[in-house]
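Kindly generate the complete structure, drawing on both the sequences and the hints.
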Amino acid sequence: GEDVEQSLFLSVREGDSSVINCTYTDSSSTYLYWYKQEPGAGLQLLTYIFSNMDMKQDQRLTVLLNKKDKHLSLRIADTQTGDSAIYFCAETPRGGSQGNLIFGKGTKLSVKP
Amino acid sequence: DGGITQSPKYLFRKEGQNVTLSCEQNLNHDAMYWYRQDPGQGLRLIYYSQIVNDFQKGDIAEGYSVSREKKESFPLTVTSAQKNPTAFYLCASRLQADTEAFFGQGTRLTVV
Numbered sequence: 001g002e003d004v005e006q007s008l009f010l011s012v013r014e015g016d017s018s019v020i021n022c023t024y025t026d027s028s029s030t031y032l033y034w035y036k037q038e039p040g041a042g043l044q045l046l047t048y049i050f051s052n053m054d055m056k057q058d059q060r061l062t063v064l065l066n067k068k069d070k071h072l073s074l075r076i077a078d079t080q081t082g083d084s085a086i087y088f089c090a091e092t093p094r095g096g097s098q099g100n101l102i103f104g105k106g107t108k109l110s111v112k113p
Numbered sequence: 001d002g003g004i005t006q007s008p009k010y011l012f013r014k015e016g017q018n019v020t021l022s023c024e025q026n027l028n029h030d031a032m033y034w035y036r037q038d039p040g041q042g043l044r045l046i047y048y049s050q051i052v053n054d055f056q057k058g059d060i061a062e063g064y065s066v067s068r069e070k071k072e073s074f075p076l077t078v079t080s081a082q083k084n085p086t087a088f089y090l091c092a093s094r095l096q097a098d099t100e101a102f103f104g105q106g107t108r109l110t111v112v
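Heads up: the sequence lines are chains A and B, in that order.
Sequential numbering of the first sequence, starting at 1, is according to my numbering.
Sequential numbering of the second sequence, starting at 1, is according to my numbering.
Note that these hints are calculated values from the structure, not bench results.
All values reported here derive from a predicted model rather than from experimental measurement.
Please note that the accuracy of each hint is not assured.
[To be verified] Straight-line Cα separation of at most 35 Å, DSBU-like style, residue types lysine-lysine; simulated pairs:
{"id": "1", "chain 1": "B", "residue 1": "57", "chain 2": "A", "residue 2": "105"}
{"id": "2", "chain 1": "B", "residue 1": "57", "chain 2": "A", "residue 2": "70"}
{"id": "3", "chain 1": "B", "residue 1": "71", "chain 2": "A", "residue 2": "36"}
{"id": "4", "chain 1": "B", "residue 1": "14", "chain 2": "A", "residue 2": "108"}
[Claimed, not checked] Distance ranges between label pairs, derived from CB positions:
{"id": "5", "chain 1": "A", "residue 1": "66", "chain 2": "B", "residue 2": "61", "range": "33 to 39 Å"}
{"id": "6", "chain 1": "A", "residue 1": "82", "chain 2": "B", "residue 2": "12", "range": "38 to 44 Å"}
{"id": "7", "chain 1": "A", "residue 1": "94", "chain 2": "B", "residue 2": "14", "range": "40 to 46 Å"}
{"id": "8", "chain 1": "A", "residue 1": "110", "chain 2": "B", "residue 2": "53", "range": "43 to 49 Å"}
{"id": "9", "chain 1": "B", "residue 1": "80", "chain 2": "A", "residue 2": "7", "range": "35 to 41 Å"}
{"id": "10", "chain 1": "B", "residue 1": "15", "chain 2": "A", "residue 2": "66", "range": "44 to 50 Å"}
{"id": "11", "chain 1": "B", "residue 1": "3", "chain 2": "A", "residue 2": "59", "range": "21 to 27 Å"}
{"id": "12", "chain 1": "B", "residue 1": "77", "chain 2": "A", "residue 2": "69", "range": "39 to 45 Å"}
{"id": "13", "chain 1": "A", "residue 1": "11", "chain 2": "B", "residue 2": "59", "range": "27 to 33 Å"}
{"id": "14", "chain 1": "B", "residue 1": "69", "chain 2": "A", "residue 2": "17", "range": "30 to 36 Å"}
{"id": "15", "chain 1": "B", "residue 1": "53", "chain 2": "A", "residue 2": "7", "range": "37 to 43 Å"}
{"id": "16", "chain 1": "A", "residue 1": "59", "chain 2": "B", "residue 2": "98", "range": "22 to 28 Å"}
{"id": "17", "chain 1": "B", "residue 1": "86", "chain 2": "A", "residue 2": "8", "range": "18 to 24 Å"}
Think of the CB as a built atom: it goes at the ideal place given N, C-alpha and C, for glycine as much as any other residue.
Right, here's the structure in full:
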C-alpha cells in the first residue's frame, strides 16, 4: 500500500547535525520532497531529490536517497534554534490514489540551546 | 506575487452549522488539494481536484464537500455531518504530477 513512515520526534543540541529519516513504499516515485512546517503555518518546500540521484546538497541541507531500500534522509548541519519545526517527507508515486502526493506524519525537530 | 491564499486564518463554528473555507491560487496550477492536520496525525487528504469541474475524495471526505468551478478556486465546506471538525486545514496546489506542491498558510477551525 501507499505509506510514508517517519519517526515522530527528534531532539538535538544547537550546533549539532540533525538527521531525519523517512521510508517510502513506491519505487515509481520520480521526485521525493522535504517540507518544513513552522508552528501555525503552512508547509514550505525545503528541498527535493530526483529519483535517479543518490545525494543532493544545498547549503546546510544534505538529502540522501537509497532507492534499493526506499530510504530517504535529510541532514541539517550546524542545527540552529530556528530549525525547530515539523519536517515532512513526501513521495509522488505514479498512479497513486491521492493525486500522486503522499506525506509522512512528520518529524518534530526540537533544538536545544 | 503568485501564491496560494487561504482565508480566514481563524474560524469559529457553532455546532450544527456549515462553514466554508476559501482557497485561491494565482499560480495557474491544475491540481488542488485539501488536507486536515491534527496533532500527531500528519496530513490527511480530504479532497483533491486535478482539473476544473472534477474532484475526488481523499481518505477522510465524510462530512466535507468541495467544488471546482474555476481553476483558481477550490473552496471546502465543512458540513454539520462532520462530527469532529476542530482542526487545522491546509490547502495546496501543484502545476501537475511530479512537481512540488505549494501550500497556503492554513485555516484553524474551532467548534464552539
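List of violated hint numbers, smallest to largest: Hints 6 and 14 not satisfied by this model.
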